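Participant: Protein chains in written order, with my numbering: chain A, 13 to 139; chain B, 25 to 302.
Just so you know, the hints here were simulated from the structure itself, not pulled from any lab data.
Given the structure is predicted, the values throughout are model-derived calculations rather than measurements.
We treat Cβ as the ideally placed atom computed from N, Cα and C, and that holds for glycine.
It is possible that part of the hints are untrue.
To be verified - Subject to a maximum C-alpha distance of 30 Å in a straight line, what follows is the list of computed DSS-like cross-link-like pairs (lysine-lysine):
no., chain 1, residue 1, chain 2, residue 2
1, A, K135, B, K112
2, A, K107, B, K35
3, A, K128, A, K55
4, B, K112, A, K77
5, B, K163, A, K131
6, A, K36, A, K55
Unchecked claim - Not close to chain B: a few residues of chain A, all C-beta gaps over 10 Å, as computed:
no., residue
7, P25
8, A115
9, G132
As the list claims (entries may be wrong) - Residues on chain A that point at chain B, a partial pick, calculated with CB under 8 Å:
no., residue
10, S24
11, M27
12, Q29
13, L30
14, S80
15, N103
16, Y116
17, K119
18, P120
19, T123
20, N124
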Amino acid sequence: MGEVRFLVVEDSPTMRQLITFSLKRIPNSKIVEASDGVDALKKLKDEHFDLILSDINMPLMDGLKLVSMIRSNPAYQSIPIIIVTTEGSENDREKGLALGADAYLSKPIQTNELLKVVKGLLKTESF
Amino acid sequence: MDKKENDIAKKAEDFLRIFRKGEEFTQELLKENERLRYKIIKLEEERNGLVELSDNPQVEKLRERLAEVEEERTRLIDRFKEVEEENKGFATRYVEVEEENNNLANLYVASNQLHSTLDFNEVMRIIIEIMINLVGAEKFVIMLLDETSGVLTTIAAEGLEEGANRKVRIGEGIIGKSVQNGENYFDPDLGANHSGEELHPVVCIPLRIKDQTLGAIVVFSLLEQKKTKLSRVDEELFLMLAGHAATAVFSSKLYSQSERKLTTIQGFIDLLSGRKDV
Numbered sequence: 013m014g015e016v017r018f019l020v021v022e023d024s025p026t027m028r029q030l031i032t033f034s035l036k037r038i039p040n041s042k043i044v045e046a047s048d049g050v051d052a053l054k055k056l057k058d059e060h061f062d063l064i065l066s067d068i069n070m071p072l073m074d075g076l077k078l079v080s081m082i083r084s085n086p087a088y089q090s091i092p093i094i095i096v097t098t099e100g101s102e103n104d105r106e107k108g109l110a111l112g113a114d115a116y117l118s119k120p121i122q123t124n125e126l127l128k129v130v131k132g133l134l135k136t137e138s139f
Numbered sequence: 025m026d027k028k029e030n031d032i033a034k035k036a037e038d039f040l041r042i043f044r045k046g047e048e049f050t051q052e053l054l055k056e057n058e059r060l061r062y063k064i065i066k067l068e069e070e071r072n073g074l075v076e077l078s079d080n081p082q083v084e085k086l087r088e089r090l091a092e093v094e095e096e097r098t099r100l101i102d103r104f105k106e107v108e109e110e111n112k113g114f115a116t117r118y119v120e121v122e123e124e125n126n127n128l129a130n131l132y133v134a135s136n137q138l139h140s141t142l143d144f145n146e147v148m149r150i151i152i153e154i155m156i157n158l159v160g161a162e163k164f165v166i167m168l169l170d171e172t173s174g175v176l177t178t179i180a181a182e183g184l185e186e187g188a189n190r191k192v193r194i195g196e197g198i199i200g201k202s203v204q205n206g207e208n209y210f211d212p213d214l215g216a217n218h219s220g221e222e223l224h225p226v227v228c229i230p231l232r233i234k235d236q237t238l239g240a241i242v243v244f245s246l247l248e249q250k251k252t253k254l255s256r257v258d259e260e261l262f263l264m265l266a267g268h269a270a271t272a273v274f275s276s277k278l279y280s281q282s283e284r285k286l287t288t289i290q291g292f293i294d295l296l297s298g299r300k301d302v
């Protein structure tokens with residue numbers, strides 16, 4: 013399998029580092045971090061990603077808006093998106109999935125669960 | 025007379041017929057006897073042959089080899105079972121190592137973040153992030169101890185409206201006692217419903233550096249999936265927080281104080297050196 017490119021959109025440095033740490037266990041993974049939706053859109057313009065992980069509550073542009081903008085752009089439509097929600101944010105989760113997110117994960121994130129969802133979306137067994 | 029003769033002739037014929045049958049039967053018996061005798065001789069010969077074979081050292085060797093092979097087979101079956109068990113053990117161990125790896129990653133990220141800054145407010149924000157994102161705390165406060173008054177004061181709260189500004193005297197209640205003794209408190213009955221009561225702490229972690237207690241992290245409620253049971257990593261995280269958060273809080277406080285002192289000293293130096301912009 014070639015390089016797998018991830019975009020991690022999260023305003024919390026702790027969560028960003030944790031997600032990045034988990035994704036680094038995937039062979040040939042390249043992880044790019046963005047601190048909010050605006051930053052993520054900028055990075056999406058610059059390079060191609062195989063999967064996007066996004067938090068919901070973020071400054072400047074939240075995760076729901078980001079999902080909707082990604083899905084409305086034909087260039088990014090096929091990129092799988094995982095939204096990361098806090099427990100009890102059922103509405104956000106449903107909205108995210110309705111807007112076009114492919115999966116969701118609840119905080120606190122378990123690495124095994126994260127890798128399982130990522131593997132499922134990338135349709136690979138190689139890690 | 026003729027009739028009598030006829031009867032006698034008929035009886036003689038009958039007798040002869042029976043006699044012939046008897047003769048035939050006897051013949052058959054003799055043949056069968058002969059056949060059986062032949063068979064007995066054959067079996068005798070076979071038996072003698074087998075007796076001779078059993079005395080043959082080759083056969084003895086083969087017997088021994090057969091016993092060895094049987095033994096080896098039993099040993100292999102036992103080894104196979106052992107390997108199967110070992111395999112199961114390895115699989116379980118692999119899962120445990122994976123879990124441990126994930127836990128260490130969490131602990132690494134938490135400690136790395138905690139020591140990434142010397143800004144007091146930033147340290148508070150990081151502790152809150154760790155509590156929410158790694159531990160899964162829903163309602164909690166961070167309290168600092170004023171050593172002169174012996175009162176713990178809330179300096180940061182999350183998910184709380186009432187009780188966000190609470191103060192606790194050292195030695196009072198679960199929190200006060202936990203801080204006084206410097207011992208972590210975990211509610212033994214995490215799943216119990218404490219609704220209707222005043223805020224009931226489920227976890228209280230004194231923030232300590234050696235024997236000095238700086239404050240405490242007090243959790244009143246955990247996220248749904250953790251409401252009944254804390255995992256080992258949660259407890260590890262709490263223990264890590266107890267040490268590292270205390271160090272981070274202490275360092276950031278020292279840094280703020282030294283910054284203030286530096287500014288004051290700089291002011292004096294500027295004043296003494298007669299700088300115009302003072």
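Participant: Please go over all the hints and tell whether each is borne out by the structure.
Facilitator: Hint check results:
1. A:K135 x B:K112: 28 Å, holds
2. A:K107 x B:K35: The given pair, whose Cα atoms are some 120 Å apart, is violated under the 30 Å limit.
3. A:K128 x A:K55: 25 Å, holds
4. B:K112 x A:K77: 47 Å, violated
5. B:K163 x A:K131: 33 Å, violated
6. A:K36 x A:K55: Holds, because 19 Å separates the two Cα atoms, which is no more than 30 Å.
7. P25: For A:P25, whose nearest Cβ neighbour in chain B is about 6 Å away, the distance does not exceed 10 Å, so it is violated.
8. A115: With a cut-off of 10 Å, A:A115 remains clear of chain B, as the shortest Cβ separation is near 17 Å.
9. G132: 18 Å, holds
10. S24: 5 Å, holds
11. M27: 5 Å, holds
12. Q29: Status holds, d = 5 Å.
13. L30: Holds - the Cβ of A:L30 comes within 8 Å of chain B, reaching about 5 Å at its closest.
14. S80: Check failed: Cβ of A:S80 comes no nearer than 25 Å to chain B, outside 8 Å.
15. N103: Because about 16 Å separates A:N103 from the closest Cβ in chain B, which is outside the 8 Å limit, the hint is violated.
16. Y116: 14 Å, violated
17. K119: Holds. Min distance 5 Å.
18. P120: 4 Å, holds
19. T123: Because about 4 Å separates A:T123 from the closest Cβ in chain B, which is inside the 8 Å limit, the hint holds.
20. N124: Holds, because the Cβ-Cβ distance from A:N124 to chain B comes to roughly 7 Å (cut-off 8 Å).
Of the numbered hints stated above, those contradicted by the structure are hints 2, 4, 5, 7, 14, 15 and 16, listed in ascending order.
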